[in-house]
Amino acid sequence: MIDSEPTSMGAPPVEETLAFDALGPVQGRRVSISVLVSFIVHLGLLLMLAVWSVGLGAGRGQGLTIESGQSSGSEFESFQMDSSQIQEAQVDSVDETSSLASRSLNEKFLERVEPQDEAANVMTGTLELAQQAARATSSSAGGGGLGFAETSLAGRSKANRSTMVQQHGGNEQSEQAVAWALDYLARHQLNDGSWSMRYEESCGRSCVPGCDGKDPYRYGATGLALMCFLGAGHTQNDEQYGEVVTKGIYFLQQSLRRTSDSGYWVDTVASAQMYEHGIATLALCEAYQMTRAGELKESCQLALNFILKAQYRDGGWDYHPGRPGDLSIAGWQVLALKSAAASDLIVPREAVEGVDRFLDLNRAGEFMFRYRGGKPTKSMTAIGVLLQIFRGKTKDARSVANGIEYLSNQGPSGVDMYYNYYATQAMFQIGGRGWKNWNYTMRDLLVKTQSPSGHLRGSWMFEGDHSNKVGGRFYSTCMSCLILEVYYRYLPVYGQASDDFRF
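With my numbering, letter number 195 in the sequence shown gets 338, and the count goes up by one each step, no holes.
Everything labelled a hint here was simulated from the structure, so no lab data went into it. It cannot be assumed that every hint is accurate.
[As the list claims (entries may be wrong)] Below 25 Å or equal to it, Euclidean Cα-Cα: the simulated SDA-like pairs (lysine to any residue) are: (1) Lys-521 / Gly-577; (2) Lys-591 / Gly-577; (3) Lys-518 / Ala-507; (4) Lys-521 / Pro-491; (5) Lys-301 / Gly-437; (6) Lys-579 / Gly-557; (7) Lys-591 / Asn-314; (8) Lys-301 / Glu-382; (9) Lys-579 / Ser-305; (10) Lys-301 / Tyr-637; (11) Lys-521 / Lys-538; (12) Lys-301 / Asn-334; (13) Lys-521 / Thr-537; (14) Lys-518 / Ala-544; (15) Lys-301 / Gln-332; (16) Lys-538 / Leu-504; (17) Lys-538 / Tyr-583; (18) Lys-518 / Arg-506; (19) Lys-521 / Gly-575; (20) Lys-538 / Lys-591; (21) Lys-579 / Ala-544; (22) Lys-521 / Pro-467; (23) Lys-301 / Glu-318; (24) Lys-518 / Leu-504; (25) Lys-538 / Thr-584; (26) Lys-591 / Ala-329.
If you're wondering where the values come from, they're calculated on a predicted model, not measured in any experiment.
Put together the whole structure using the sequences plus the hints.
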């Protein structure tokens, strides 16, 4: 097909040119020019074809080889990665290309990060087009390039958000609660752009009761806070919270410890290394997925590569790399991989298939899931059901349908926002009467329990283990905010309209 295109444009075929050259010096010179033109055209087309072919590998697991095993001695002795292939997929070094790295923080705030291609901004599409894509993906076996279901972020845009709230069961009170929560989080951002799960640094002891833990979990906290702003459609370009988001992203980018082929935030002495890394990576990848800002690509790929290196041979993740893990930690890593796979970042197919093996290993019966090989729990079941949905299982699959029925019977928790976070997303994705009943309880609980005034306005504090022992008021606030953003954070992968909630 390539050879025929010059002929149709008027340039003679190569065979004719060779014959004409023999007719004489004048004709030969004229035709030689046409030979040169034809050669340049052919070469250009071939180069375009080569670039296009290489691009097909992005986001589909090509160009990366992972071999994980049980660690012995050093935490990282068993990791092997072809770094030369990874480097090809990355942008130039941050020192050369990143405006976040090359400018001072104050200078950076004077501008907004612009998408490289306006058409690539995932929030510019209409709801109708995004829902059509979701339906098309869910109707195919193992939808998506890597088997991830289509999880469009189009509902986060200002144009679509109110429609999604109305369609899926939010109301003015729930949106006001989100607005207050974001204001609270913005007021508690530290000067370097980060957040902390301990508030001594940002507001003294004004936000008591706090948490009993000693670790501020700065990277995980920053990731959770950024996810709240991104979930409501606030990116680096946003007029209201653009500076807040930019500062948070700047902190994560600058604190990422880069190696030759990966990057990490927390070393092995930290108690929750992979928890924090997975949450921070997810936030960074969502920012990149929403804006396609070139500054973010290298950091996202390096952080993803660390997740890939840390994956154990059974397909899961532990608190530290290369050890048998649990579904709670794996949930954040898989969500980060899902967000990356929706963009042009490299996610190997082998890693995603490992997730399926890990889910099977942690099943307890037909639809429940267990924690570290122990008894099944409702929190692990909520995570397992949601990951199956995002991995492209149909809502009629027995493991999904029975899992949803189980969660529906359990209902929302009055204190455990970690369980509520995953279960609410799973129930929302399925929709129907079960979601309607769940939503009324969950939504109204959060609206009624949010602090309404004073310094604490917009925050939550629940007396569960995660709040008291780990994250305090900050953690409760982030998880509650993310739950109330469920109506528009991800479009339903099955494309249902949820007519039950139309007002």
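The hints, checked one at a time:
1. Lys-521 / Gly-577: 16 Å, holds
2. Lys-591 / Gly-577: Holds. Lys-591 to Gly-577 sits at ~22 Å (cutoff 25 Å).
3. Lys-518 / Ala-507: 8 Å, holds
4. Lys-521 / Pro-491: 30 Å, violated
5. Lys-301 / Gly-437: 23 Å, holds
6. Lys-579 / Gly-557: 18 Å, holds
7. Lys-591 / Asn-314: Holds: Lys-591 and Asn-314 sit about 13 Å apart, inside 25 Å.
8. Lys-301 / Glu-382: 12 Å, holds
9. Lys-579 / Ser-305: 18 Å, holds
10. Lys-301 / Tyr-637: Holds: Lys-301 and Tyr-637 sit about 22 Å apart, inside 25 Å.
11. Lys-521 / Lys-538: 19 Å, holds
12. Lys-301 / Asn-334: 28 Å, violated
13. Lys-521 / Thr-537: 21 Å, holds
14. Lys-518 / Ala-544: The hint holds at about 21 Å.
15. Lys-301 / Gln-332: 24 Å, holds
16. Lys-538 / Leu-504: At roughly 21 Å apart (the allowed maximum being 25 Å), Leu-504 and Lys-538 satisfy the hint.
17. Lys-538 / Tyr-583: 22 Å, holds
18. Lys-518 / Arg-506: Since the Cα atoms of Lys-518 and Arg-506 sit roughly 10 Å apart, the hinted pair holds (cutoff 25 Å).
19. Lys-521 / Gly-575: 21 Å, holds
20. Lys-538 / Lys-591: Distance of about 32 Å is beyond 25 Å: violated.
21. Lys-579 / Ala-544: With Cα atoms ~16 Å apart, Lys-579 and Ala-544 stay inside 25 Å; holds.
22. Lys-521 / Pro-467: Within the cut-off at roughly 21 Å; holds.
23. Lys-301 / Glu-318: 13 Å, holds
24. Lys-518 / Leu-504: Measuring from Cα to Cα gives roughly 13 Å; hence the hint holds.
25. Lys-538 / Thr-584: Holds: Lys-538 and Thr-584 sit about 23 Å apart, inside 25 Å.
26. Lys-591 / Ala-329: 22 Å, holds
Violated hints, listed in ascending order, are 4, 12, 20; each of the other numbered hints is respected by the structure.
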